[in-house]
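Given chain A, work out where chains B, C, D, E and F should sit, using these hints.
Protein chains in written order, with my numbering: chain A, 1 to 293; chain B, 1 to 293; chain C, 1 to 293; chain D, 1 to 293; chain E, 1 to 293; chain F, 1 to 293.
FYI, nobody ran anything at the bench for these hints, they're computed from the structure. All values derive from a computational prediction rather than experimental measurement. Among the hints, a few may not be true.
Any copy will do: because identical chains look the same in the list, a pair fits if it lies in one copy or spans two.
[Claimed, not checked] For lysine-lysine, the following PhoX-like pairs were computed, each having C-alpha atoms within a straight-line distance of at most 20 Å:
# : residue 1 : residue 2
1 : Lys-275   : Lys-83
2 : Lys-275   : Lys-256
3 : Lys-169   : Lys-210
4 : Lys-7     : Lys-275
5 : Lys-210   : Lys-242
6 : Lys-242   : Lys-256
7 : Lys-169   : Lys-242
8 : Lys-54    : Lys-7
9 : Lys-54    : Lys-210
Number of protein chains: 6
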Amino acid sequence: MFYTDGKLQFPVRVERPNPVFAKALQQAIGGVEGEIRVAMQYMFQAFGARGPAKYRDMLLNTATEELGHIEMLATAVALNLEKAPLSIQEDISADTAAGAVLNGMDMRHVLSAGLAAMPVDANGVPFDMSHIYASGNLAADMYSNVCAESTGRALAVRLYNMTDDTGMKEMLAFMIARDTMHQQQWLAALEDMGGDEMNLPIPNSFPQEKENQTYSYAYFGHMVDGSIPEGRWTAGPSMDGKGEFTAMRSEPMGGKPSLAPARPDGGAQVAQTSKSGTTGLLGSIEGAIERNI
Amino acid sequence: MFYTDGKLQFPVRVERPNPVFAKALQQAIGGVEGEIRVAMQYMFQAFGARGPAKYRDMLLNTATEELGHIEMLATAVALNLEKAPLSIQEDISADTAAGAVLNGMDMRHVLSAGLAAMPVDANGVPFDMSHIYASGNLAADMYSNVCAESTGRALAVRLYNMTDDTGMKEMLAFMIARDTMHQQQWLAALEDMGGDEMNLPIPNSFPQEKENQTYSYAYFGHMVDGSIPEGRWTAGPSMDGKGEFTAMRSEPMGGKPSLAPARPDGGAQVAQTSKSGTTGLLGSIEGAIERNI
Amino acid sequence: MFYTDGKLQFPVRVERPNPVFAKALQQAIGGVEGEIRVAMQYMFQAFGARGPAKYRDMLLNTATEELGHIEMLATAVALNLEKAPLSIQEDISADTAAGAVLNGMDMRHVLSAGLAAMPVDANGVPFDMSHIYASGNLAADMYSNVCAESTGRALAVRLYNMTDDTGMKEMLAFMIARDTMHQQQWLAALEDMGGDEMNLPIPNSFPQEKENQTYSYAYFGHMVDGSIPEGRWTAGPSMDGKGEFTAMRSEPMGGKPSLAPARPDGGAQVAQTSKSGTTGLLGSIEGAIERNI
Amino acid sequence: MFYTDGKLQFPVRVERPNPVFAKALQQAIGGVEGEIRVAMQYMFQAFGARGPAKYRDMLLNTATEELGHIEMLATAVALNLEKAPLSIQEDISADTAAGAVLNGMDMRHVLSAGLAAMPVDANGVPFDMSHIYASGNLAADMYSNVCAESTGRALAVRLYNMTDDTGMKEMLAFMIARDTMHQQQWLAALEDMGGDEMNLPIPNSFPQEKENQTYSYAYFGHMVDGSIPEGRWTAGPSMDGKGEFTAMRSEPMGGKPSLAPARPDGGAQVAQTSKSGTTGLLGSIEGAIERNI
Amino acid sequence: MFYTDGKLQFPVRVERPNPVFAKALQQAIGGVEGEIRVAMQYMFQAFGARGPAKYRDMLLNTATEELGHIEMLATAVALNLEKAPLSIQEDISADTAAGAVLNGMDMRHVLSAGLAAMPVDANGVPFDMSHIYASGNLAADMYSNVCAESTGRALAVRLYNMTDDTGMKEMLAFMIARDTMHQQQWLAALEDMGGDEMNLPIPNSFPQEKENQTYSYAYFGHMVDGSIPEGRWTAGPSMDGKGEFTAMRSEPMGGKPSLAPARPDGGAQVAQTSKSGTTGLLGSIEGAIERNI
Amino acid sequence: MFYTDGKLQFPVRVERPNPVFAKALQQAIGGVEGEIRVAMQYMFQAFGARGPAKYRDMLLNTATEELGHIEMLATAVALNLEKAPLSIQEDISADTAAGAVLNGMDMRHVLSAGLAAMPVDANGVPFDMSHIYASGNLAADMYSNVCAESTGRALAVRLYNMTDDTGMKEMLAFMIARDTMHQQQWLAALEDMGGDEMNLPIPNSFPQEKENQTYSYAYFGHMVDGSIPEGRWTAGPSMDGKGEFTAMRSEPMGGKPSLAPARPDGGAQVAQTSKSGTTGLLGSIEGAIERNI
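The shape of chain A in the complex, shown without the other chains (with noise of 0.2 Å):
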């Protein structure tokens, strides 16, 4: 169960709203590398979580975090908004260096929110749940949301270098302070659960003799050429310290795929109904309609 206070983690101040500015943020809400998603993500993995509670709990804490920042990205995206243009002759005849503004921010800013934030990205893409990466697995939920993060970062960082505002930069470096951490939490977590020696491969509950281990360390080559792009992934030992990596030329191992031909009765064409095309066609048209009746 949640509560709120309705004030925010860190404050959200614009010195001069920018529209356009306004649509760049509005990644960091609905972008897949957003803020809806890791708060959904991190709650739907505490909301999933079997096995020590330890887990859940931490989870849990940091997607109640992450709410925080949608309401903050929410508030920057609505103040920047504040003088946008709701008429084409109010954008022309203001001052702008930059060219029209309508034409750089998202129209739907006014059309569909009234001056405020959506859960779209900067495209206006809506953000879709398939991104709640939440598999069960520990670990790899683990590796999933240091990708998050990491991308996360990314984005804020970028954010961070194409605004000129001060109260957005402020925010932002605390934003990429966030980030940081949760980076590095997660990765925490992963040692916590016994490192990569002890958690790979994920899942580590499937026995690998059941695999088939011919091929669990060797780097695959498709070049025609033969190369292979040799570096720490073709030789050595592999990183979780079970195996050696090797590189080789990828081969077929199997035959060229044969299946029956087509159904009659299956909405198919009669061509499709013998493996040869060559001979026969009318002869299988009739056999085919035969038995259809």
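The following block gives chains B, C, D, E and F in isolation, referenced to the frame of chain A:
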């Protein structure tokens, strides 16, 4: 540019076709944990890779391998569908210890695909490309890839455990091994790029002096009773060796957000055009309408 | 900013786990009638609320409550899945009066979530945030909220009627009561803002003189025989007290639309570059190609 | 069954084509507040209407009217695009007080549609049919329709205020009037069905004795300081006349959720297979692997 | 503008309601092969048609017909649902030779629609309007329409074969006939516009001299062994009579792509800021950070 | 299985990077007319192809070619972005005859991708795999492919006309030629399968005697005045040589649909539980509630 030989990387054999398992296999084709995702993700990461060429090449090889995994799984789906019922009568008359097949299979395998694979997940939801994470930051992408291969291997393991078909188990045992390697490979690439200390926080090109460093290594508790779940993330050196974990109760640093009243020509209600609803409602209506004319 | 105590607003108890009912419950989590929708909708309405602060506060409280409803339902789904079959063999051997469980449950509860809730509907379609209606107009939003709570309560009632599990019925009886209150609450907010006469038509800030008032209170019949279904909407005073309902047969006031021919460098066919297809086709090709070079 | 005369319900005239306004108009075609939504929503409500035939007929008429509104708006978009730039050179050389047109218009109007309307919103996001609310409950549907016409009229008002084209203002003044009527119409239908007291709570076919009536008319506060925003919703008779509003602080009635540990063959990590992470990790690995073999 | 008479184009009769078949029928309503698609596609093609008016009129007629097909199918779905189980108990106690009905039907037919049709496909995925192909090029659109009617007829045939209900078979036999006609109609329109030789390549308004004509009629082989599948497409005159088919092995004409290194303020890793990873990593970090400050 | 050489099928050269054109190019990558679509469509058609192997092989070759087209376009996007502004200041100070670049470019090229291509269209909408048409009917698929290559070539032509960069024009001239060939190729495949007379109606495996042949070659007019647009589709032999076109006014053969009243435990309103709303409302409420208890 790409080439093919039309053969399968590993043999695909189905002993007893099972249309319900065909539906489960769809998750490995068009699910977010599936092969279209990794093929396209590694491909877009390669196509946009800036920096040392070896990472581009490494990514491109594995993207190319994953295309062949889509092929294997699509073949497996088609083979599992070869005896699927095409009519309700056929369905009922079959010997179905597990109940009606049409109830459990994806009917669109008959209706839309003529007994072949579709680029959709186990619920028939089409894959969408917003799941292609290619951030322009190689380390973030590597973590995204570890996540993809971890959820991918968890999925393959669950499919392996679900089926009792030897052919399918062999194919999946191969795929599980490849997922093992690919988890290793992306972690190896991170080490190749300098390891945690060098790479973190991601992006490492942003000077940490600019972030609000008071909060860079602090775990925030949002429990109303002030309790905090302890773990590796609340004390000790941070994972990047650049700080020390602390834990603190989260407190609001900002006040309640305060947005300007609605503008009368912005499509809001008149009641929204002042910040207090208790007085002057009629006045504000008149004002609003006047201003509007 | 938000807080939690990790406890459930109301106890969630499952007597006999039923994976098929877990699938049905998903509709109340990730369906358009579900809890993610209302939590996020009220939250975005609050974050963007312009005008008297009390509406923002009221919305924020209820948004916060709804987050706890997601938590209750996610817990209910996880508990209903605790004995779900993980393999086809396990499935068939179970005592399944209702047929195979895998046929009726959401296989992704096994494959993707490891026996936990997902932010998807009963068909596995992920919730998408385009359903967050936050229009910047408080009255429109209140009606959207009444709608959400009406479809939400209809859904909860249908789930209540569907299950025979006492624990689930108790949880749903609580949720149905909350939906009752929330329907009342949004209607009360409309009255608080002045009631129908003051609020309508929405937005009430647009001077009705500017609309084409001939058609503001007329029901249009589009039946070819001119018949019109009579009801409260065809006669009597309008609901806002500002007009009188009438009914009339709809007649075209405009002619057939007439667009300019296609421009030759616009990627159309040459046949589209004149408004008459009967003459001069060759001429228009030559003209088009000339103009293009 | 449907018929047409190919004529426009109201004349569509564009004085000065404006491709940027064409983009804005798309919101009224393919946005969630737009005409495809209402046409299809009323149609599906009609097609599935159970109960007195007059509601079905009323819905069908208005669905049919709304089809003509799509036609009007699509024509308006095409006319606004008639002088749109087809090349970057053409764009730059034009007299563009408001900046480059290609920057502000929807490029897909050139690239994908050849200067015609598309079933997408102002950001080019295609309309999706999950927004067709047809719940099988007529009262819920009526509220959904009031919501649709309220956001629809807000949108039309915003478009009216945005443009300076007399032709467009006339078309929109007609549409705004129709939205006025349609708001009235759905409210009138609710009165026709018995009004608030008869209809509420929706669905009214569920006996209120079965809901947890302690909480049916209570506003829940979730503020950590226990404060509650007062209004019509915290005191006085409820809107349905069946209860009395109260307000109370929300307190958890349930404890912390407790899920079973992960099953070893379910693709989780071994660390998740017990509820305590502090002891027996190695033991539980062995146990898990044994059980799995 | 549109009209209706509320009657069905063809009688819809269901002898034995079957909720599982109701689910299958959904594909013909909200699937990509379904009636919403063709109705809306022909409508948008008509609304945006530039060139001779007869094509616009022809399209509009058929769009209007297809609206009636949605109506017929929606009625068929509702009738098939009339005895659907509303509870788990009701489901189990029914005489279900084919297993539990709830397992195989779309539960949202109960939960979301109250036993009526929804604008979704057989998997409950809502139709989205990105499938409305209206390209502004009439010939491209005609081919899109042939495709829609071909997959549509294949679907109708599969539904016909699936059901054993005489009423349903009669309705589908009518729809299959209409699909036959519509396939013919779009091909006839292509002939009306001049046939293959006149129309191809589409768009025919682009002078073929401007394309790279060396590759205009060459089939490219991408098999690693150089083999090429022979057919009508590898030799003989081209279908437009403007060239001669040839076949050749595809060879790269371009080199490896070479992108600039990442810019240090662009949110990438430092390792990406040079094109070689082997030297100067520390130097490039310093340079990057300096430049950034 | 697939291979690569990392080289481009055709050289990609950008003379003057233009981030706005980069946005336009996205349509050719992730638009429905784009290269991901054709690559994946031909691939899934190949993977599921039943019948003569040559069609599978032909499809697989071209699928493989199209993968290289994604690569070319992704490279073109990255090169066009190389001088894109990363900040608002940088943007304003640039020499922008066409106005601010950030206004017209896809901001997510900076924010999400670090100056690289994304699998999205020109509006930033991600490609979704529901556009992969692979119906299991080869003739339907061939028409879908002709459609894809027709809209694809129209798009490439529009991009060619839009740009003034010689490098880009050369790349597009190559791609336009390939689209020419691919249109030919799919039409050739249809001829290879027997041509129109043999293939039509699609699917040709359904005996036409079973369809309602009265309506198989009749154009239906839905104009209220009975007028019918004449053309090749209203008279003369049908395109498949199996019938004669006629034209007729469409008349309803069915009556008004009549659904059963709502069931009281189905979540509808009480008013819906009888088919007449005029009498017995109170009675039906009582009845409904009784039956429900």
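The hints, checked one at a time:
no., hint, verdict
1, Lys-275 <-> Lys-83, "between (68 Å within a copy, 17 Å between copies)"
2, Lys-275 <-> Lys-256, "within (14 Å within a copy, 40 Å between copies)"
3, Lys-169 <-> Lys-210, "between (52 Å within a copy, 9 Å between copies)"
4, Lys-7 <-> Lys-275, "between (70 Å within a copy, 18 Å between copies)"
5, Lys-210 <-> Lys-242, "within (15 Å within a copy, 41 Å between copies)"
6, Lys-242 <-> Lys-256, "neither (34 Å within a copy, 36 Å between copies)"
7, Lys-169 <-> Lys-242, "neither (46 Å within a copy, 23 Å between copies)"
8, Lys-54 <-> Lys-7, "between (28 Å within a copy, 14 Å between copies)"
9, Lys-54 <-> Lys-210, "neither (32 Å within a copy, 33 Å between copies)"
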